[in-house]
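For the sequence shown, the numbering used here begins at 1 and goes up steadily by one.
Source of the hints: derived by calculation from the structure; they are not laboratory data.
Hints are supplied without guarantee of correctness; some may be wrong.
If you anchor each label on the Cβ, the simulated ranges turn out as follows [claimed, not checked]:
#	residue 1	residue 2	range
1	GLN102	GLY47	27 to 35 Å
2	MET23	GLY64	33 to 41 Å
3	ARG119	ASN63	16 to 24 Å
4	ASN63	ASN34	36 to 44 Å
5	ASP30	TRP164	32 to 40 Å
6	GLN102	ASP122	17 to 25 Å
7	GLU98	ASP122	14 to 22 Å
8	GLY47	ASP117	34 to 42 Å
9	GLY116	GLY74	18 to 26 Å
10	GLU105	VAL39	24 to 32 Å
11	THR38	PHE124	20 to 28 Å
12	GLU157	GLU92	23 to 31 Å
13	ASN34	THR121	15 to 23 Å
Positions of the beta carbon are idealized from the N, C-alpha and C atoms, including for glycine.
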Amino acid sequence: MSTQDADASGADAVGEPEHENAMQDVIAVDADDNPQGTVNRLEAHTGDGIRHRAFTCLVFDSNGRLLLGQRAPGKRLWGTFWDGTVASHPVEGQTQEEATRQRLEEELGVTPDQYGDLRVTDRFEYKRYFENAGLEWEVCAVLKVTLDDDAIDPDEEEIAGLLWVDYEHLHDHPEWYRQLRLCPWFEIAMRRDFE
Numbered sequence: 001m002s003t004q005d006a007d008a009s010g011a012d013a014v015g016e017p018e019h020e021n022a023m024q025d026v027i028a029v030d031a032d033d034n035p036q037g038t039v040n041r042l043e044a045h046t047g048d049g050i051r052h053r054a055f056t057c058l059v060f061d062s063n064g065r066l067l068l069g070q071r072a073p074g075k076r077l078w079g080t081f082w083d084g085t086v087a088s089h090p091v092e093g094q095t096q097e098e099a100t101r102q103r104l105e106e107e108l109g110v111t112p113d114q115y116g117d118l119r120v121t122d123r124f125e126y127k128r129y130f131e132n133a134g135l136e137w138e139v140c141a142v143l144k145v146t147l148d149d150d151a152i153d154p155d156e157e158e159i160a161g162l163l164w165v166d167y168e169h170l171h172d173h174p175e176w177y178r179q180l181r182l183c184p185w186f187e188i189a190m191r192r193d194f195e
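Full structure from sequences and hints, please.
Structure, rendered in structure tokens:
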């Protein structure tokens, strides 16, 4: 289905079901991450987009390796691209830390007893288009966590693959990893100082 065939709700002219994102809301924000109400998630990611709150969480092990997660091929934007472990959007009334704990458990089966140092380390705004399917326009918080227990049980509907990489090498030589096709928000996050 092309974007021209879909209305703002995500339903197309021949009655195909709405995209699941059309049934969710995200938090619209100004450039300083101040809430501006909620907006439909699909509308926030189509057309000219609506700036909204998001997060990416970088999961490390005790040896300083970073866990990359490959987005499932069924994702509407950046399917099969590699991300900094998990990324999503908090819902209204939810902190970045609460949203991250939820996504770590839903996507990786990682529970809070496997880590103790989850924290927001940075925040940035970016806007990137993906082919003709939509865009991300987000004020993105970067969270960092170190696993004490690296037992992981990924949800295959969310994550197509996992890869532990040496963070310092990735940071200093991202060109070595171009074959992975990195998500744009992760490319920004991994270059920033979040120690």
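Practice item. Find the hints from earlier in the document that the structure breaks and name them by number, from lowest to highest. Key: 9
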